[in-house]
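Taking the hints into account, I'd like the entire structure generated from these sequences.
The chain contents come next:
Number of protein chains: 2
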Amino acid sequence: MTARNAFYAQSGGVTAVINATACGLIETARRYPERIGKVFAGRDGILGALTEELIDTSLESDADIARLRHTPGGAFGSCRYKLKSLDEHRAQYERLIEVFRAHDIGYFFYNGGNDSMDTAWKVAQMAEAMGLPLVSVGIPKTVDNDLAVTDNSPGFGSVAKYVATSMREAGYDVASMARTSTQIFVLEVMGRHAGWITAACGLAAEAEGEAPHLLLFPEIPFAPEAFLARVAECVARHGYCAIAVSEGLRDATGRLMADMGSRDAFGHAQLGGVGQVIAQLIKDRLGYKYHWALADYLQRSARHIASRTDLEQAYAVGAKAVELALAGQNAVLPVIRRLSDAPYAWDIGVAALGDVANVEKQMPREFIRSDGFHITPACRRYLQPLIEGEAIPPFRNGLPDYVRLKNRLVAKQLPPFPL
Amino acid sequence: MTARNAFYAQSGGVTAVINATACGLIETARRYPERIGKVFAGRDGILGALTEELIDTSLESDADIARLRHTPGGAFGSCRYKLKSLDEHRAQYERLIEVFRAHDIGYFFYNGGNDSMDTAWKVAQMAEAMGLPLVSVGIPKTVDNDLAVTDNSPGFGSVAKYVATSMREAGYDVASMARTSTQIFVLEVMGRHAGWITAACGLAAEAEGEAPHLLLFPEIPFAPEAFLARVAECVARHGYCAIAVSEGLRDATGRLMADMGSRDAFGHAQLGGVGQVIAQLIKDRLGYKYHWALADYLQRSARHIASRTDLEQAYAVGAKAVELALAGQNAVLPVIRRLSDAPYAWDIGVAALGDVANVEKQMPREFIRSDGFHITPACRRYLQPLIEGEAIPPFRNGLPDYVRLKNRLVAKQLPPFPL
Numbered sequence: 033m034t035a036r037n038a039f040y041a042q043s044g045g046v047t048a049v050i051n052a053t054a055c056g057l058i059e060t061a062r063r064y065p066e067r068i069g070k071v072f073a074g075r076d077g078i079l080g081a082l083t084e085e086l087i088d089t090s091l092e093s094d095a096d097i098a099r100l101r102h103t104p105g106g107a108f109g110s111c112r113y114k115l116k117s118l119d120e121h122r123a124q125y126e127r128l129i130e131v132f133r134a135h136d137i138g139y140f141f142y143n144g145g146n147d148s149m150d151t152a153w154k155v156a157q158m159a160e161a162m163g164l165p166l167v168s169v170g171i172p173k174t175v176d177n178d179l180a181v182t183d184n185s186p187g188f189g190s191v192a193k194y195v196a197t198s199m200r201e202a203g204y205d206v207a208s209m210a211r212t213s214t215q216i217f218v219l220e221v222m223g224r225h226a227g228w229i230t231a232a233c234g235l236a237a238e239a240e241g242e243a244p245h246l247l248l249f250p251e252i253p254f255a256p257e258a259f260l261a262r263v264a265e266c267v268a269r270h271g272y273c274a275i276a277v278s279e280g281l282r283d284a285t286g287r288l289m290a291d292m293g294s295r296d297a298f299g300h301a302q303l304g305g306v307g308q309v310i311a312q313l314i315k316d317r318l319g320y321k322y323h324w325a326l327a328d329y330l331q332r333s334a335r336h337i338a339s340r341t342d343l344e345q346a347y348a349v350g351a352k353a354v355e356l357a358l359a360g361q362n363a364v365l366p367v368i369r370r371l372s373d374a375p376y377a378w379d380i381g382v383a384a385l386g387d388v389a390n391v392e393k394q395m396p397r398e399f400i401r402s403d404g405f406h407i408t409p410a411c412r413r414y415l416q417p418l419i420e421g422e423a424i425p426p427f428r429n430g431l432p433d434y435v436r437l438k439n440r441l442v443a444k445q446l447p448p449f450p451l
Numbered sequence: 033m034t035a036r037n038a039f040y041a042q043s044g045g046v047t048a049v050i051n052a053t054a055c056g057l058i059e060t061a062r063r064y065p066e067r068i069g070k071v072f073a074g075r076d077g078i079l080g081a082l083t084e085e086l087i088d089t090s091l092e093s094d095a096d097i098a099r100l101r102h103t104p105g106g107a108f109g110s111c112r113y114k115l116k117s118l119d120e121h122r123a124q125y126e127r128l129i130e131v132f133r134a135h136d137i138g139y140f141f142y143n144g145g146n147d148s149m150d151t152a153w154k155v156a157q158m159a160e161a162m163g164l165p166l167v168s169v170g171i172p173k174t175v176d177n178d179l180a181v182t183d184n185s186p187g188f189g190s191v192a193k194y195v196a197t198s199m200r201e202a203g204y205d206v207a208s209m210a211r212t213s214t215q216i217f218v219l220e221v222m223g224r225h226a227g228w229i230t231a232a233c234g235l236a237a238e239a240e241g242e243a244p245h246l247l248l249f250p251e252i253p254f255a256p257e258a259f260l261a262r263v264a265e266c267v268a269r270h271g272y273c274a275i276a277v278s279e280g281l282r283d284a285t286g287r288l289m290a291d292m293g294s295r296d297a298f299g300h301a302q303l304g305g306v307g308q309v310i311a312q313l314i315k316d317r318l319g320y321k322y323h324w325a326l327a328d329y330l331q332r333s334a335r336h337i338a339s340r341t342d343l344e345q346a347y348a349v350g351a352k353a354v355e356l357a358l359a360g361q362n363a364v365l366p367v368i369r370r371l372s373d374a375p376y377a378w379d380i381g382v383a384a385l386g387d388v389a390n391v392e393k394q395m396p397r398e399f400i401r402s403d404g405f406h407i408t409p410a411c412r413r414y415l416q417p418l419i420e421g422e423a424i425p426p427f428r429n430g431l432p433d434y435v436r437l438k439n440r441l442v443a444k445q446l447p448p449f450p451l
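Going down the list, the protein sequences come from chains Z and F. Counted the way this note's numbering counts, the first sequence spans residues 33 to 451. Counted the way this note's numbering counts, the second sequence spans residues 33 to 451.
Don't read these hints as lab results, they were simulated from the structure. Do not rely on the hints blindly, as some may be mistaken.
Any copy, or any two copies together, can satisfy a pair, since identical chains are not distinguished.
[As the list claims (entries may be wrong)] Pairs of lysine-lysine, DSS-like flavour, derived with a Cα cap of 27 Å:
| no. | residue 1 | residue 2 |
| --- | --- | --- |
| 1 | LYS114 | LYS70 |
| 2 | LYS315 | LYS114 |
| 3 | LYS116 | LYS393 |
| 4 | LYS114 | LYS321 |
| 5 | LYS321 | LYS116 |
| 6 | LYS444 | LYS116 |
| 7 | LYS114 | LYS393 |
| 8 | LYS114 | LYS444 |
| 9 | LYS70 | LYS438 |
| 10 | LYS444 | LYS70 |
Quick look at the structure:
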């Protein structure tokens, strides 16, 4: 059997551990030189395949590939670029297949969320239609934890650990200051459609009275009066109130709360900043002094406080993807299966791309407390193992020592393709 | 010689390591039972002395006191409450002395910034005037690094390590996304009057092209056209631009840039959010998509990424304060002295409270690059050792395991005092 090349691309928003998946994939592929020639990576994700900008990862040393395991961001670049239906974007799918053919690519690995699983599935169909022998394997990744079938998504556990740690630490701070200064702290976190990251903040509150006291989920329409009553009660009881809010919080009419806040100097509505909207509402109605924080990219790039569980799973799905491809399993993805909660045990299973593509996993209602303002014990049981374990990166000059790869491109074989 | 009690209070904004100072102080005091009876801590800082709310730290176990070393926030509470001149607030100073007399307090330790050093100095004077034998010792603390005489301030090194780490990580993220999504990342940091924290962000850029590319200091009036030209040049060259901005950035007329931004739904100017003002300016003028983050309390409570150097210095000034007091040195504070840059060497010296009180240490102009948009090699030499070394706290259930003390109050001896 002749060795054929592989193509790997990262897709969508990056995570603290997506490079650990790349590491698992490349290290595993290097163990099968008789089957897999070179691993090419798409420069800036799938765009790199369309533009024939293929990074030759065989030029990177084993040591540098190993350093991917502790480096956040997307080492080869990622992109937000969704290939739509075969009918609409047929030329693009055909171009992908042509590029794969020109570079003798027999394995396609696409590392992303719902959209990417859909793309990988379509690529499998198109390759078959065009007569290119290709195994197409998806690899799950998303901080939003909204992928179907897999018990959890690589990337989520590390965000969860970051936001819970940050909330705990800020809670200690504001508790110290509450008597004469700040009574309210609001942390705005990601998760536009699903409240998984907001829920993870709740892990910091292990005992009565601990921060965060209130969580505002995108799944629960914001009820200002009930919320303000809870805030006032919390301040009366504990002296302060710490709140986590999802960027995707909506009012009873379905309007994003982020849209209700401020306008810039030119009168444009300012998107983002729902944390400030909530904090200002409390200030206006209850008079408490507030601080608020917007974690933004810090939460999904915080490799320094990554979850070891998440890291191991991210590596494992990358390694498993190669094994699935070598076993000839086409149009599938590795998924994480939970074998038990405590002690936590997991393994890697296999799912069909078609079962995952374009399905968004919501938070179950039973994970949100009946009043809508916190998580339930069932939610805690689900989330707890995902943040377990530390995976401190190496430090140099007092800062995490992350790798930058050479990222050399392969010579192009084809004429340019208009995007 | 009879043992007398000590009083310790935390003042102003807390830090990731102010409790390490408390730990150094209490552990050292416990080694001299023949000289120091109990260490009382002010509940919510100096307010606890005025209201006679004295926490009896002798009821805390050695193990719990040791855990203060890795716990952020202020373990006994802090406050923003400035005692003014002796003339204006004479009754309050007299009250302090009465409380100290009632509880046989012979040592006063005040852990804070410029204002607190002034208060400690006045307390020393008032005790002498009122015939109470009292040794008053200040202990430096501030994330702003703006205390005079001391080479650096405990608390700053850990913020510096946090913001530089966060900037590096977010830089890796945005670099991955720049081709099709976000080109601009703005991180807003603390430091209303002095740019030390903004400067610390600059440590993340160790080589040409690394994030952050531009720094906006409170010391340098914001020049929009020059800034926008730099941003455009940076995006053209590197594909993206990462920027750190001080909350205290001002325009050429001295107006806070934070005031220039948005108004809430009621038309009130929104303070804070200069990061968004800057990001939106770039979007409006250059069209780049942005993300921004507001670190707020996260930066000063991030004990999980504290600097070991900072931690050791914070502990050392607490321990040294006790030794100074036992040596009868009144109206002084321990200060950090730099003996060499590389290898970094430091020790603890002594300064008079009067030389530190109410003096604000600015960034030297030679620490800011001539164009005003980054730090100089001299600044890097100064800052680098302050973030060196890690001091990872213990973890439990995947999160940092911080202590909550019992904080039991001593029985009051005096009638209430109206604040």
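Now the hints, each set against the structure:
no.: 1; hint: LYS114 <-> LYS70; verdict: within (26 Å within a copy, 67 Å between copies)
no.: 2; hint: LYS315 <-> LYS114; verdict: between (42 Å within a copy, 24 Å between copies)
no.: 3; hint: LYS116 <-> LYS393; verdict: within (21 Å within a copy, 58 Å between copies)
no.: 4; hint: LYS114 <-> LYS321; verdict: between (43 Å within a copy, 18 Å between copies)
no.: 5; hint: LYS321 <-> LYS116; verdict: between (48 Å within a copy, 23 Å between copies)
no.: 6; hint: LYS444 <-> LYS116; verdict: within (25 Å within a copy, 73 Å between copies)
no.: 7; hint: LYS114 <-> LYS393; verdict: within (19 Å within a copy, 52 Å between copies)
no.: 8; hint: LYS114 <-> LYS444; verdict: within (23 Å within a copy, 69 Å between copies)
no.: 9; hint: LYS70 <-> LYS438; verdict: within (16 Å within a copy, 61 Å between copies)
no.: 10; hint: LYS444 <-> LYS70; verdict: within (15 Å within a copy, 77 Å between copies)
Of the numbered hints given earlier, the model fails none.
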